[in-house]
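Student: For reference, the chains in residue letters:
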Amino acid sequence: MTRRSPTLLGLAFLLLPTPSGASPMPEGAGPEAPIAPAAPIRFQEIGERAGVRHVHSTRRFTGRHKAQVLEMFTAGGAAVAVGDFDGDGWDDLFLTDSDLGKPSHLLRNVTGDEGTRDGIAFVDVTAAAGVGGGNDESSIVADALWFDHDNDGDPDLLVARFGTPLLYRNLGPGPDGAPRFEEVAAASGLTAFANTIAAIAFDYDADGWLDLLFGNYFQPKNLLRLDTTKVLPEDLDDAHNGGGLALWRNVPAEGGGRRFVETTAEAGLAGHTGWSLDLGHGDLDGDGDQDVYVAGDYGTDLLFWNDGDGTFTDGTEAAIGFDTKKGMNVDLADYDRDGRLDVFVTNITDEYMRECNMLWHNEGDGTFLDLSRETGTCDSDWGWAGKFADLDNDGWEDLFTVNGLRSAGEENYIPLLVETIIRPDVDFSDLDSYPDIGGRTWSGYQRQRLFRNQGDGTFAEVGAAAGVDNDLDGRGIAVADFDRDGRLDLVQTNADQPSLLFRNVSPAGGRWVQLDLAGAGPPEGSNRDAIGARVTLSAGGETWLREVDGGNGYAGQSSLRLHFGLGDVARVDAVEIRWPSGRIERIAAPEGGSAVALDAITRIAEGHGVVAP
Amino acid sequence: MTRRLHPDPAVAAAFLLSLICSPAFGLAAASPAPPEPPADVRAARAALAAGEHARALKAYERAVRAAPGELRWSAEYRQAAIAAEAYDRSIALFEELVDDHPGSAAVRLNLGYAFVDKIPSAGAVTQVILADRALGHFSKAIELEPSWLALYTRGNSYVFWPAIFGRTRKGIADLERAVELEPKESPAPFHAHAWIALGDAHWRLGDLDAARAIWRRGLDRFPDNPALEERLGREGEALDRLLDEHYAIGKRVDTSLEELWER
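Residue numbers (the numbering used here), protein chains in the order written: chain Y, 1 to 613; chain W, 1 to 263.
Take the hints with a grain of salt, since some may be wrong.
Said to hold, decoys possible - Which chain Y residues face chain W? A few, computed with CB under 7 Å, are given here:
(1) Leu236
(2) Asp237
(3) Met353
(4) Val418
(5) Ile422
Hints in this document: simulated from the structure, not taken from any laboratory. Built from N, CA and C at the ideal position, the CB exists for glycine as well.
Based on the sequences and whatever the hints tell you, model everything.
Tutor: What follows is the structure, encoded as structure tokens:
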């Protein structure tokens, strides 16, 4: 790989003009007829116009402890979660903030509303919904997640914090049509303090109810009320004094409703005491249950095989080996279409530290091979989120990554930091060991990367041509088709900087199919969100694999709606769904027809097949 | 963050040892020519051939203790330690020898090499720490005896540090001193390594004109040197790729010094 040195591109916020060569789609226009699969990928940044220009603020610390050092180690929290909270078929957004008193934002997608046909549009309904809180004197909002915890058919909202989580139960619209939520975390048993940085929802025990897995960064000490300065990783390559994991099982509550009970230890996950930074789930061994990948900062990632009986087995050593990297992101996809889910992890690759990302190719025998160098996805600087998505509908999933830690003054923090690192007998865990960063830059002004899947096992970096190579301090990514035009759009969140909405304006790509899956609910059916469902789509003698995930990817949750780019296929021969309940449902094409409609969104209900084309 | 003394085995494996044999290097403790292997070294080699690493290490350690300034047995020992992933054991031995022989530049160099040997096994941050520890011992070796070898070793080590750490100019200073110590008449082939590294240091700083000038001067003195020819034959990204790979983090540097013994 060619070396990429950090380049100071200037402090100005890049306000995303339409990339040169892009030809924005006429508003309201649908996708055109499928053309060349090699059509370019183009995005237009429309966050301001679409009402998604939220400026995130990291928490500012005060007090006797080194405030700036804590701020460096907690420079996350700019998260995005996609969910159709009002069930209108248009994906909505939740964007977090992290500083004291700053509200998070619930943004309703009104693109489909009468009279709002001006591209993609959102309106802020935070106040009416009452879900903006969470940044108080003892808590810092760090992540968010939509999931239907009570299987009532609408998504509830989890706000993960350095603190106790918040769980907003979706009550549906009030008489005035305004969204209504009720905060039920304490009543649901979610009362444990943790410094949670990542949360995913999936049904680990296949009982039809979505459970929660939290990735905790620091140990459960309140960073806002520290009684010690020794809270940082004790080793920067192999730390074991982090927050580990917390698994919460969804169980019936007395008197009705649902509550969560912690099952970390009995499920076999309590042995991990590292600095969890992201989590991903998926059926990595094809045995029908959901396995877990943990991206660990300051130490090894972990892979836990689901044993199918409510427990997990640590399979790290045999599957991926132990690493010393700074794992930041987990996303799963079958990027090479061999019928197995692969795993993408971002690490730190910069002038001073060249860890390289990891693209774990699933070998199908319980082991994974890191092909990041071979595929051209090794280098994304100081990586944060990375998400797979077929952005040009050519049938191959591309990879968008966001990067950069802290873009500030011209002076660089690294020379100062290294003097700390090499100091004999330095205590890495001690806040007082580190110099304040002041106005210095640390791995800042790094370009976001878009790796286009070339369909031959390699990727080509096309971020600049696609118009997404801004140099903000990226954190989270959400992928969704906000305007339902068959082209996947992107949301990028940034630490202490504005969020971006990239509308996909690629001139034309291949055919596509989108599937909304609805589980039948327990006791016999799957969770209503169908999280964990695996869909195999066959067309033109080829197959595509997708799974519905509950929040994979750092600081981002993407649409639950499955998107298949299909290239130039003429019809879909079959769709097979393996529901989390174990039910296999196959939808075959009628004579001369297509199993599901091309270039359209299809709704499939467990046990009922296609219920709405 | 790491740096290895010889990232390119074809180029780097040998440089150190050869230097010690030459009066220009001046390491008093080093033998001008390797002696016949003592019984412990022969026993260690036999144990290695039999796959008995533990026995080999013990035998080598006896040999190294008996002749701490003899770089050849120390180098063999370190290679055996690498094979057994006994990095800390190797470091511990040379730390002990440094305590026992505080005036030996060769022992200091060996301790530095032992830290270098461990770098590929470590995480990115630990690699920085190990590399810095190695530099510290190379500096002590220079204090004890500012030989060509010690100056080249430390200067070359500095070149592995990315420019952001601000150590490249220190490397240039060491390497310029090393070049000055090179015999004016009939330099040995290994002396070319200082010219190579000196040019590389200027490349590291982004001064390609200076780098090329150094490499050309080196090639004048060492005609047909493949590493110098290769650098001068590449431009732009091709040159960056070559040197990025040469100074890549994570690759093991060959510290076996075999080139020296072959000479």
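Student: State for each hint whether it applies.
Tutor: A quick look at each hint next to the structure:
For the restraint placing leucine 236 (chain Y) at the interface with chain W, the shortest Cβ-Cβ distance is roughly 4 Å, inside the 7 Å limit, so the hint holds. Given the 7 Å rule on beta carbons, the hint for aspartate 237 (chain Y) holds: about 3 Å separates it from the nearest Cβ of chain W. Of the supplied interface hints, the one on methionine 353 (chain Y) holds, with its beta-carbon coming within about 5 Å of a beta-carbon of chain W, less than 7 Å. A least Cβ separation of about 6 Å between valine 418 (chain Y) and chain W falls short of the 7 Å threshold, and the interface hint therefore holds.
At about 4 Å, the closest approach between the beta carbon of isoleucine 422 (chain Y) and any beta carbon in chain W falls short of 7 Å, and the interface hint on this residue holds.
Of the numbered hints given earlier, the model fails none.
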